[in-house]
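Peer 1: Here is how the chains run, residue by residue.
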Amino acid sequence: MNGEEMNRAISRIAHEILEKNKGTRDLALVGIRTRGVVLANRLKEKIETIEKTTIEMGVLDITLYRDDLATSKDTPILRDTDIPFAIDGKKVVLCDDVLFTGRTIRAAIDALVDFGRPAQVQLAVLIDRGHRELPFRPDYVGKNIPTSKDMRVKVHMSEEDDSDQVIVVDGKGQS
Amino acid sequence: MNLVSKDILGTEQLTREEIEGILDTAVSFKEVSTRQIKKVPTLRGRTIINLFFEASTRTRTSFEIAGKRLSADVINISASTSSTVKGESLLDTAYNLEAMNPDLLIVRHSISGVPHMIASHIKCPVINAGDGAHEHPTQALLDLLTIREHTKQLAGLKVAIVGDIAHSRVARSNIHAMLKCGMDVTVVGPPTMIPVGMECLGVRILHDLEEAVSQVDVVMMLRIQLERQNEGLFPSFREYSNQFCLTVDKLKHSPKNILIMHPGPVNRGIEIALDVMEGPHSVILDQVNNGVALRMALMYLLLGGSSETDH
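Note that the protein sequences, when read in sequence, are chains A and B.
Residue numbering for the first sequence is 1 to 175, as defined by the numbering used here.
Residue numbering for the second sequence is 1 to 311, as defined by the numbering used here.
Extracted from the complex, chain A is given alone in its bound form (with noise of 0.2 Å):
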């Protein structure tokens, strides 16, 4: 995938949520860190552009509720959590770069309902490339990739990193 297709998938996720939410009312995004920040901040971009709007944007870090703390090796570096609103009775928009197990997700899940009661909670995904082991399915996809477990998907965006695209690698390192 490279800079257009990203652009465009992201335009399309934008539209996909205002259709489904019918507009903007009560709807907020929050991105987990790192690269589902930058994910929120173009469909927040995209969203207030379409809609003339602004609409609530929360970061989440969810290391504090990991399931791997104890079996990782380093222990993982925490950053800020900053949601500036509060979430009771919105519909939140949760976004993230790729969608993998699914377990950051649990956790991200975990995390959010700590701050209040959402009236719902949605999922947006730039790349969805399976093997789930928890059940969980997003709501909005900016592509399906398919590939085996030992694969890396590697996201590049140009807030993060020095350009926009997704490289698929295999087990060996090789693109």
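Note that these hints are calculated values from the structure, not bench results.
It is possible that part of the hints are untrue.
Unchecked claim - DMTMM-like mimics (lysine to aspartate or glutamate), calculated; alpha carbons at most 25 Å apart, straight line:
id: 1; chain 1: B; residue 1: 256; chain 2: B; residue 2: 231
id: 2; chain 1: A; residue 1: 20; chain 2: A; residue 2: 80
id: 3; chain 1: B; residue 1: 6; chain 2: A; residue 2: 110
id: 4; chain 1: B; residue 1: 39; chain 2: A; residue 2: 82
id: 5; chain 1: B; residue 1: 30; chain 2: B; residue 2: 73
id: 6; chain 1: B; residue 1: 30; chain 2: A; residue 2: 170
id: 7; chain 1: B; residue 1: 158; chain 2: B; residue 2: 199
id: 8; chain 1: B; residue 1: 152; chain 2: A; residue 2: 80
Computed from a predicted structure; not experimentally measured.
Following the hints, position chain B against chain A.
Peer 2: Using the frame of chain A, we list chain B on its own:
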């Protein structure tokens, strides 16, 4: 980020990178305490034992709250309710507690080196919550966190630490940590309260409080330990406060944005005047507030990775 040692025994053993990593992690933990539900599941199923052989409200409560906000089970043992009153030795107490598989032991004792001795005999991580006149690392780290919050940067800052330097573990931990972070440290007090050879640590010595506070960005007042008043360190409280009590008058030549700190508990009117303590420069309650986040960060860093699953 991983810490090099399994324990936090003093700031003397920490590197500048570790100190900065701990402070950065603590900043992120501050947000948890502002939520309506002040709890995250990070250390669920872990057991933390607070082993306090010396009186404490702030530190013990702060460790307990920090552990509970991370969902750990926290058990408090104080000297008066432990088997030490039946004559059990310190190490036996430690071995027995270890046999119950705690994940972290927090130790305070009036004798210097006790947490180090316990840490060298048991496998579970130990945090020193104050040992004699030696070190109180979590206090120094929360002090640095508080200073950094107000000044954005630590390197190059000038600090005065005022009071009974000789008997202060807070002073010692702060001196080690501050010098590592590139700060300029002056210790202030009557000559009886400043250890001989102090300057070899790399600090400046002054005996005039007003002169000191006119030159620094941060002034840290220490508690006069009332239990030591019979040791003849100063003639009388009145004499001491005349010279070393921080008053509005003594601050008249100091920088406008000077920070005033105190690790608590405060003897009002002896080392610090009421109106200074409650004045606009005082960050004393910020220190207490930051203590919880800082201790959460240390627990997370010590127990978060796999190095501790080995034991």
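Peer 1: Could you grab the alpha-carbon distance between residue 256(B) and residue 231(B) and see if it respects the 25 Å cut-off?
Peer 2: Given pair residue 256(B), residue 231(B) is violated - Cα atoms ~37 Å apart, limit 25 Å.
Peer 1: Are residue 30(B) and residue 170(A) close enough, with their CA atoms no more than 25 Å apart?
Peer 2: Violated: residue 30(B) and residue 170(A) sit about 40 Å apart, past 25 Å.
Peer 1: Under the criterion that the straight-line Cα-Cα distance not exceed 25 Å, is the pair residue 152(B), residue 80(A) satisfied?
Peer 2: holds (17 Å)
Peer 1: Quick one, are residue 158(B) and residue 199(B) close enough, alpha carbons at most 25 Å?
Peer 2: holds (16 Å)
Peer 1: Are the Cα atoms of residue 30(B) and residue 73(B) separated by 25 Å or less?
Peer 2: holds (20 Å)
Peer 1: Given the proposed pairing of residue 6(B) with residue 110(A), does the C-alpha separation stay at or below 25 Å?
Peer 2: Given pair residue 6(B), residue 110(A) is violated - Cα atoms ~30 Å apart, limit 25 Å.
Peer 1: Is the straight-line distance between the alpha-carbon of residue 39(B) and that of residue 82(A) 25 Å or less?
Peer 2: Since the Cα atoms of residue 39(B) and residue 82(A) sit roughly 16 Å apart, the hinted pair holds (cutoff 25 Å).
Peer 1: Hinted pair, alpha-carbon criterion (25 Å max): residue 20(A), residue 80(A). Please report holds or violated.
Peer 2: violated (30 Å)
Consistency with the previously given hints fails for numbers 1, 2, 3, 6, ordered from lowest to highest.
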